[in-house]
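Produce the complete structure using the sequences and hints provided.
Protein sequence lines, in the order shown, are assigned to chains A and B.
Just so it is clear: in the first sequence, position 3 is 3 by the numbering used here, and no numbers are missing.
Just so it is clear: in the second sequence, position 137 is 184 by the numbering used here, and no numbers are missing.
Since the hints were made in silico from the structure, they are not lab data.
Be aware that a few hints might be false.
Selected chain B positions facing chain A (Cβ under 8 Å, derived; list incomplete) [unchecked claim]:
| # | residue |
| --- | --- |
| 1 | V63 |
| 2 | V64 |
| 3 | D65 |
| 4 | I87 |
| 5 | V91 |
| 6 | G94 |
| 7 | W101 |
| 8 | T102 |
| 9 | A248 |
| 10 | Q253 |
Pairwise CB distance ranges (calculated) [as the list claims (entries may be wrong)]:
| # | chain 1 | residue 1 | chain 2 | residue 2 | range |
| --- | --- | --- | --- | --- | --- |
| 11 | B | L305 | A | K5 | 55 to 61 Å |
| 12 | B | Q59 | A | K5 | 55 to 61 Å |
| 13 | A | K5 | B | R364 | 44 to 50 Å |
| 14 | A | K5 | B | N58 | 56 to 62 Å |
Here the structure is a predicted model, which means the values were calculated and not measured.
Ideal Cβ placement from N, Cα and C applies to all residues, glycine included.
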Amino acid sequence: MRPSKKLLLLLVLILLAGLTGVANPARSQEITQEEKLVVFESVGSTA
Amino acid sequence: MINQIAQEYANQPVVVVDYHLDILQEPPLFEPPQARWDVIQASVPPGTDLALTWTVVDSGRLYHRGAETTEEAYNAYTAMIDDALAQPATAEITAHWWQDGSSIKIRAVVTNNSTVTLSAENNAGVYGIVKENGVLYETHTTEHPGLNAAKTAITNLAPGATDMFEIEVPDIDPTDWDKVEVIVLVDYQTAPEAHYEQLQAAIATQALYTQPKFHAWFLDEGETFVPEFTSTIMGNPGLTWNALSNQVWLEVEETSGLVGDSILLTTNGGVMNPGWNTAVVTITDSSHTYTADVTVSIYKASPGEVINRIYLPIMTRP
Numbered sequence: 001m002r003p004s005k006k007l008l009l010l011l012v013l014i015l016l017a018g019l020t021g022v023a024n025p026a027r028s029q030e031i032t033q034e035e036k037l038v039v040f041e042s043v044g045s046t047a
Numbered sequence: 048m049i050n051q052i053a054q055e056y057a058n059q060p061v062v063v064v065d066y067h068l069d070i071l072q073e074p075p076l077f078e079p080p081q082a083r084w085d086v087i088q089a090s091v092p093p094g095t096d097l098a099l100t101w102t103v104v105d106s107g108r109l110y111h112r113g114a115e116t117t118e119e120a121y122n123a124y125t126a127m128i129d130d131a132l133a134q135p136a137t138a139e140i141t142a143h144w145w146q147d148g149s150s151i152k153i154r155a156v157v158t159n160n161s162t163v164t165l166s167a168e169n170n171a172g173v174y175g176i177v178k179e180n181g182v183l184y185e186t187h188t189t190e191h192p193g194l195n196a197a198k199t200a201i202t203n204l205a206p207g208a209t210d211m212f213e214i215e216v217p218d219i220d221p222t223d224w225d226k227v228e229v230i231v232l233v234d235y236q237t238a239p240e241a242h243y244e245q246l247q248a249a250i251a252t253q254a255l256y257t258q259p260k261f262h263a264w265f266l267d268e269g270e271t272f273v274p275e276f277t278s279t280i281m282g283n284p285g286l287t288w289n290a291l292s293n294q295v296w297l298e299v300e301e302t303s304g305l306v307g308d309s310i311l312l313t314t315n316g317g318v319m320n321p322g323w324n325t326a327v328v329t330i331t332d333s334s335h336t337y338t339a340d341v342t343v344s345i346y347k348a349s350p351g352e353v354i355n356r357i358y359l360p361i362m363t364r365p
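Below you can see the structure in the form of structure tokens.
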């Protein structure tokens with residue numbers, strides 16, 4: 001196979017992987033995991 | 048210092064609440080809201096002398112007291128916040144709030160994702176903490192004053208279980224309701240006379256409110272015409288509502304609708320008495336859970352009275 005054809009095939013594979021979500025396996029986890037909210041409480045602060 | 052920290056963490060999930068404590072009088076004239084003061088005090092062993100400024104994160108899992116220098120305070124507070132940010136949330140909270148007179152009512156759905164059963168035995172609770180953003184009260188030194196807080200005890204919430212809780216925080220009198228922020232927090236006491244630990248907190252969204260919520264008109268002697276005016280009903284998407292006026296002189300068109308719709312208000316100045324005339328339109332959602340209101344105040348001049356008006360220049364950028 002010629003180098004230009006190899007490059008084209010590689011490009012197609014990369015595009016297909018991106019479309020099917022192979023490159024973003026952590027995405028669904030990011031959406032479902034709730035972010036921690038930190039509450040900083042102070043009493044009698046001077047400034 | 049605390050204002051600076053709040054600013055530096057403004058783009059991160061961190062909320063700062065500052066409570067006032069007046070120790071010059073015995074008993075103190077001002078104390079933090081009792082519900083949170085109990086939690087904060089548990090961060091040190093009972094009987095420990097007071098040392099201010101007293102700061103906690105994660106309901107007292109980490110604390111710092113009596114910093115001598117600004118540098119010490121800055122380093123200690125940022126280390127506490129960074130540590131707390133690195134801890135995972137062990138509960139999920141979805142919360143809404145609405146105003147009922149001077150009270151704030153909250154409805155929160157909590158899922159316990161921890162391994163601890165939340166119950167009366169470990170003093171578990173869901174808290175509503177009300178603060179006002181960007182306002183410096185005489186009684187506070189930061190622009191993050193905590194106005195009040197309340198707790199609803201959790202009687203039994205096993206790991207993995209979900210339940211709904213209602214909290215009412217009374218006596219809220221902010222300078223500006225638009226600057227009010229409501230935080231819902233879940234915590235429990237790790238052992239008798241030991242510190243508490245926060246599972247998660249969330250900023251509650253306002254379930255039902257009106258914009259604007261106040262209209263005022265002034266009628267000169269003999270004048271009766273008031274142009275029609277509107278308020279928009281805001282809140283949870285998809286919520287349906289009904290509107291009802293408590294005065295016959297204030298008519299509401301479109302007495303029902305969806306969040307995002309507006310009510311058209313019309314009135315007849317001819318039927319009003321001299322002086323202030325006030326009407327309240329109450330908006331109630333179709334499940335009769337949430338309420339909001341629009342207040343209309345119209346001042347009608349008495350015979351011979353002249354209403355003085357001052358017109359201020361307004362400068363705007365192009």
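Status of the hints after comparison with the structure:
1. V63: Constraint on V63/B satisfied, holds at 5 Å.
2. V64: Constraint on V64/B satisfied, holds at 5 Å.
3. D65: Since the shortest Cβ distance to chain A is 5 Å, the answer is holds.
4. I87: For I87/B, the interface hint holds, since the closest Cβ of chain A sits about 6 Å away, which is under 8 Å.
5. V91: 12 Å, violated
6. G94: G94/B check fails; min Cβ-Cβ to chain A is 17 Å, beyond 8 Å.
7. W101: 4 Å, holds
8. T102: Interface hint status for T102/B: holds (5 Å vs cutoff 8 Å).
9. A248: 4 Å, holds
10. Q253: 17 Å, violated
11. L305/B <-> K5/A: 55 to 61 Å: 58 Å, holds
12. Q59/B <-> K5/A: 55 to 61 Å: 49 Å, violated
13. K5/A <-> R364/B: 44 to 50 Å: 59 Å, violated
14. K5/A <-> N58/B: 56 to 62 Å: At 48 Å between Cβs, range violated.
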